[in-house]
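Both chains come to you apart, so use the hints to assemble them.
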Amino acid sequence: MSATAMNRDVPGIYHKAGSLRAERRWALWVAYISLTVAAIIFLAPPFYMLITSLKGSAEIAGMTGSPWLVRSPTLENYVNIITSPMFQRFMLNSLVITACVVALTMVVSVLAAFALARMRFWGSQMLATGVFLTYLVPDTLLFIPLYQIVGGLGLLNSIWGLVLVYPTLTVPFCTWIMIGYFASIPKELDEAALIDGATWPQMLWKIFIPVALPGIIAATIFAFTVSWAAFVYPTAFVTTPDQMPLTIGVVSQLVRADTFAWGQIMAGALMAALPPVVIYAFLMDYYIAGLTAGATKG
Amino acid sequence: MAEVSLRKIVKAYEGDVQAVKGIDLEIADHEFCVLVGPSGCGKSTTLRMIAGLEEITSGEIAIGGTVVNDIPPRDRDIAMVFQNYALYPHMSVYDNMAFGLLLRKFPKAEIDRRVKEAARILDITVLLDRKPKALSGGQRQRVAMGRAIVRDPKVFLFDEPLSNLDAKLRVQMRTEIKKVHQTVRTTTVYVTHDQVEAMTLADRVVVMNHGIIEQVGPPQELYHRPATRFVAGFIGSPAMNFIPARLENGAAALNLVLADGSVLPVPEDRTARYKSHAGRAVLLGLRPEHLTEPREGRGTYADIAIQPEVIEPMGMETLVHFHLGEARDLCARIDPTLDAHPNTPLRLTADMAHMHLLDPESGRVV
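Line by line, the protein sequences are chains X and H. Counting in this note's numbering, the first sequence runs from 1 upward without gaps. Counting in this note's numbering, the second sequence runs from 1001 upward without gaps.
Simulated from the structure, these hints should not be mistaken for lab results. All of these numbers come straight from a predicted model, not from anything done at the bench. There's no promise every hint is true.
Said to hold, decoys possible - In silico lysine-lysine, DSS-like type, Cα no more than 27 Å apart, as pairs: (1) X/Lys187 <-> H/Lys1275; (2) H/Lys1179 <-> H/Lys1168; (3) H/Lys1154 <-> H/Lys1168; (4) H/Lys1178 <-> H/Lys1154; (5) H/Lys1154 <-> X/Lys206; (6) H/Lys1108 <-> X/Lys206; (7) X/Lys187 <-> H/Lys1154; (8) H/Lys1108 <-> H/Lys1154; (9) H/Lys1116 <-> X/Lys206; (10) X/Lys206 <-> H/Lys1105; (11) H/Lys1131 <-> H/Lys1168; (12) X/Lys206 <-> X/Lys187; (13) H/Lys1008 <-> H/Lys1021; (14) H/Lys1131 <-> H/Lys1116; (15) H/Lys1008 <-> H/Lys1154; (16) H/Lys1133 <-> H/Lys1116; (17) H/Lys1116 <-> H/Lys1105; (18) H/Lys1131 <-> H/Lys1108; (19) H/Lys1131 <-> H/Lys1105; (20) H/Lys1021 <-> X/Lys187; (21) X/Lys206 <-> H/Lys1131; (22) H/Lys1131 <-> H/Lys1179; (23) X/Lys206 <-> H/Lys1168; (24) H/Lys1154 <-> H/Lys1116; (25) H/Lys1178 <-> H/Lys1116; (26) H/Lys1179 <-> H/Lys1154; (27) H/Lys1168 <-> H/Lys1133; (28) H/Lys1179 <-> H/Lys1116; (29) H/Lys1133 <-> H/Lys1108; (30) H/Lys1154 <-> H/Lys1105; (31) X/Lys187 <-> H/Lys1105; (32) H/Lys1133 <-> X/Lys206.
The following block holds chain H by itself, in its conformation from the complex (with noise of 0.2 Å):
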């Protein structure tokens, strides 16, 4: 097991197309790390280059305290479980899991016991016999892990290893993944676009666009205190909404107005924070939970008259979509007690202690 290290990664494709433009990042040892973000931004290039399938631009990746640049893939001490599990389809579950032994000329009896503990730590050990075209997509996923187990290497590797699952198996498989983290602890980067597994999954998650990372930081972090405005409308589902507004000094506090007049106000203790926007256009961003039926209590909460588009029944609570002047695909969650529906007025409370200000020029939370 080891730490990981990121230093000034640059991967340049030919035409100086940048997939990864001079990233760094500590990944300690035992942690689970998620790269998220949207096709493009460069994690699975990222991954790739810590697994030494590309080769890096420049920059340094170091894994337990070795560069590793001019190291190939397999003296790297890795394990990856890819997308499409990439199981070798003429050996039996046994004979993928035991290959990497094999070739490392481990002893017979150890290989053996490896395997086993492996298939049974994944449930798999009434498997081991059949060849990977006789099992289902979650049992073949399962092998790909146990092959990534038995060879207790330094670091695992994930590239969205449960994308090409159906969403029950996902859940399932990802609740599967954690536990075998909690169990081997082996230090872990796992690459998604899915920010749901990032959140559920991480220790720290690393947030990429654009082949640069827009904020590292624990789940729960990112979720209330995002830096940027992607990462902000990235975590978070339904996404976190942005209405365009004015900051302008209010008689005691700041207050925010709407394009169609309606004014909010800002809570008192961000006065000093984001005094120095008063009288400039800004971004308010709440997340829909914080945009709900009117309620009672301490606070400082702000109405909100709209006009539902379309009413989205969770079971668990309702969504409804909504547009407010400018500000299109709005989105709140109200209590599904309630009776709402579409085109016909409805009230709503924004919960002003949980906004977010955002400068609409730097994209950056203030």
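In isolation and in its complexed conformation, chain X is listed as follows (with noise of 0.2 Å):
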């Protein structure tokens, strides 16, 4: 007698087969409801925000009714940080480090995960370890030695300051994720590619950043991200408004004594969280997963 067939014979097994659309169901309420909890958890901070920054100075220290709820909406927030010449500085600033560490950070970890991936050489491995480890040392106890080596360079208090040490926090993690991309492209690829005529540097540009496109894009994600979102480094190494990027520039500037702007602090971290979305926006229609389907057998 077959195992299914003995399957059948006893009760309970068998019959659970067709309970599969309950089970289905079950799971899909279960999801929904987790899904919901999250959704509200990370979204109502920033909504609290939005109605936050809707809101004119006296309704917001007037402290009456439901907090959640706008009587008399206003953009006078929005008009006032957005003309204001300060904060247009804070979004170059940070518009101006963005760009380079995000440049930086691509070229470097590509560069280094492609030789780490596939050019064989003694050390290789223990050198990729040791990048990844690099990224375990948080920032909050780095800024220490690098508040000498920035100093000593004379770039406190300046823009390229933070160009220089931000990679520290972007480029070991980038690395090791375009690592682990590159590490998926099978290696026949390269030996075709060398085959076919490529050299080193050919073989990188013409088939390995087209194939790890999807890596490439979910590092400059996370490296725009870091960069965008900087806070203990810019907290530390600059203290004069004209070079502070939007993180510590909204705080720091918009707090006067102990008068907080809370509707243009609120409307002005909402307009600083506003490129992260464009960009997760523009380059998720670019992140398609499996691009290398049909290089091989798969």
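Encoded structure:
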């Protein structure tokens, strides 16, 4: 008697197969509930920011009624912040820093990952692990020695100091992501390219980068987010307002002594969050997993 | 196009593991040479050394008379087809085929002409705009071949190109590869573990085992005149039967005495060849097609009584599996109309004119 036939005779086991639909329904319910809870937890703060940014100073100070509702919505905070030369400066600083950091990070980590993943050389494995280990050192610890270095280079109070130090946060992780992506590209693809006449740089440029594009996009998003949202390093290295990025600029310049311009802070923070959202939305369209499909027998 | 010479080629890995142990091989211009052997025999390593994808520990490889030991793959003027196709996934079929020519800075018109010509030969013209992921396994393998053909290289290297295809497609592509070779006549080195592929495709088969060449020769020669037990057992499907026996001096000629006491006469014309082994333990090698139902005619036949264990009707023939004393996994090919049943005694005839005699110690055919 076969195992399947035996199962049919045992009550419960065979029956269970029929309840797949019910199990699926349960799984869906659990998924919906937990996702909804998670969405509420994560979306409540930005929603609160949005509500507050639409209120006038009087309404915020009034503290009457529900703080989740706006009685007389106004764009005054947005107008104030956009027209403020200070805010424009912060935005520009953040854009310059992030663009430079992302470019620098991607060049370094793609080249490093290609070498570590593909050009077999003595110690490459150890180096790859070493690169990742540096990521495990938190920036709250690193900023002290880095302060010395940045100071020594005369780059304190300068966005270029930040451009120099942010890659210590982004390069290790991006290199690690790229090593993983490059390692997943079949070895025969480089061999085919080598035989077809490609040099190593041509192989990287014409084969690896296009094939590993989803990985490169993931790494770019990571580098962008880290650089845009960095807080510890600018707090430590920049004190002059005209060199501040958005993250610390909004906080430090919109709080005068103990007066918090809440409406403007919220409007500024929301607008600061806009570029990452745009980048995500734009890059996600290109983030198609499984680009290697069809290269080899799969 | 060119000839390929391998002289005393050794490939050793760390820890003194030798994958290839000093092989010599001359492959003529236009020749289709197949390296065949079980996995780990060094055939793929040898091919990869010819391609320049593996460094040579010692020895010399020459392509078209030029020693290529220190020449990178791109300057060896070779093209390679991989087992898993290795197509560039982000490029169309056309671009995949044109890539090598583009890197070599061929004029656009020439690239176009070559790609279209190769596509016509391989019957993939309608696929030129597609991406590899939109192709079937067989189509992908054609594209991989197309990529090799457009380059018009000195040598084609094939690394088990059909292993990933299903049985039917494999046979079809085998014919296709042979057809292409008959058209373009490029010197070809082809690696496979499938002896049927080796037999059907090759001008010359190189049988490898444990990093050495066991025998080199045209398919028919390997089949009919194997030099070693390994070649005798590897080439041919089902494999040759090996039956332990003693070679005895008979009244008129030599006889083989099996463990169960049955006596098989050795054809008279072999007496001189085998005489020195008289009185010694030997292995009788007989292919399944020479172990058949009793038949009439001239020749040296010997009857053997067996007890079939498994009967496999193949349509055009029936395979009978049995054992004979110590000799297990023996196989005979009989007429499909014959009534044979498992565990029912059956009489077979050994066609001794096609026998092989092997020295069990050296493993060489006498």
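Results of checking the hints against the structure:
At most 27 Å may separate the alpha-carbon atoms for a hinted pair to count; X/Lys187 and H/Lys1275 exceed this at roughly 55 Å. For a cut-off of 27 Å, the pair hint linking H/Lys1179 to H/Lys1168 stands: about 17 Å separates their Cα positions. With a C-alpha separation of about 31 Å, the suggested pairing of H/Lys1154 with H/Lys1168 is violated against the 27 Å cut-off. The suggested pairing of H/Lys1178 with H/Lys1154 holds, with an alpha-carbon distance near 17 Å, which does not exceed 27 Å.
Between H/Lys1154 and X/Lys206, the direct Cα distance comes to roughly 25 Å. Compliance with the 27 Å bound is thereby established for this hinted pair. With a C-alpha separation of about 18 Å, the suggested pairing of H/Lys1108 with X/Lys206 holds against the 27 Å cut-off. This hinted pair checks out: X/Lys187 and H/Lys1154 have alpha carbons roughly 24 Å apart, not beyond 27 Å. Taking the CA atoms of H/Lys1108 and H/Lys1154, the gap is about 22 Å. The hint holds against a cut of 27 Å.
About 23 Å separates the Cα atoms of H/Lys1116 and X/Lys206, which keeps this hinted pair within 27 Å; it holds. Of the supplied pair hints, the one linking X/Lys206 and H/Lys1105 holds, its CA atoms being roughly 15 Å apart against a limit of 27 Å. With a CA separation close to 24 Å, the supplied pair H/Lys1131 and H/Lys1168 stays within the 27 Å bound. Under the criterion of a C-alpha separation no larger than 27 Å, the hint pairing X/Lys206 with X/Lys187 is consistent with the structure, at around 15 Å.
Pair hint H/Lys1008 plus H/Lys1021 holds up; C-alpha atoms about 8 Å apart against a cutoff of 27 Å. Of the supplied pair hints, the one linking H/Lys1131 and H/Lys1116 holds, its CA atoms being roughly 16 Å apart against a limit of 27 Å. A C-alpha spacing of about 22 Å is found between H/Lys1008 and H/Lys1154, which places the hinted pair at or below 27 Å, so the restraint holds. A hinted pair counts as satisfied when its Cα atoms are at most 27 Å apart, and H/Lys1133 with H/Lys1116 qualifies at roughly 21 Å.
Our distance criterion of 27 Å between C-alpha atoms is met by H/Lys1116 and H/Lys1105, whose separation comes to about 18 Å. Restraint check for H/Lys1131 and H/Lys1108: satisfied, since their Cα atoms lie roughly 21 Å apart, inside the 27 Å limit. Straight-line distance between C-alpha atoms of H/Lys1131 and H/Lys1105 comes to about 23 Å, which keeps the hinted pair within the 27 Å bound. Proximity of H/Lys1021 to X/Lys187 is assessed by CA-CA distance (about 26 Å); at most 27 Å being required, the pair is judged to hold.
Between the alpha carbons of X/Lys206 and H/Lys1131 the distance comes to roughly 16 Å, so the proposed pair stays at or under 27 Å and holds. Restraint check for H/Lys1131 and H/Lys1179: satisfied, since their Cα atoms lie roughly 26 Å apart, inside the 27 Å limit. For the given pair, X/Lys206 sits about 35 Å from H/Lys1168 by alpha-carbon distance, which is inconsistent with the 27 Å threshold. Taking the CA atoms of H/Lys1154 and H/Lys1116, the gap is about 20 Å. The hint holds against a cut of 27 Å.
About 20 Å separates the Cα atoms of H/Lys1178 and H/Lys1116, which keeps this hinted pair within 27 Å; it holds. A distance of roughly 18 Å separates the Cα atoms of H/Lys1179 and H/Lys1154; the hinted pair therefore holds under the 27 Å criterion. About 21 Å separates the Cα atoms of H/Lys1168 and H/Lys1133, which keeps this hinted pair within 27 Å; it holds. A hinted pair counts as satisfied when its Cα atoms are at most 27 Å apart, and H/Lys1179 with H/Lys1116 qualifies at roughly 18 Å.
For the hint pairing H/Lys1133 with H/Lys1108, the CA-to-CA distance comes to about 26 Å; that is within 27 Å, so the pair holds. For the hint linking H/Lys1154 to H/Lys1105, the alpha-carbon distance of about 18 Å falls within 27 Å, and the restraint holds. This hinted pair checks out: X/Lys187 and H/Lys1105 have alpha carbons roughly 25 Å apart, not beyond 27 Å. At roughly 18 Å between alpha-carbon atoms, H/Lys1133 and X/Lys206 fall within 27 Å of each other, so this suggested pair holds.
Comparing the model with each earlier hint shows violations of hints 1, 3, 23; every other hint is respected.
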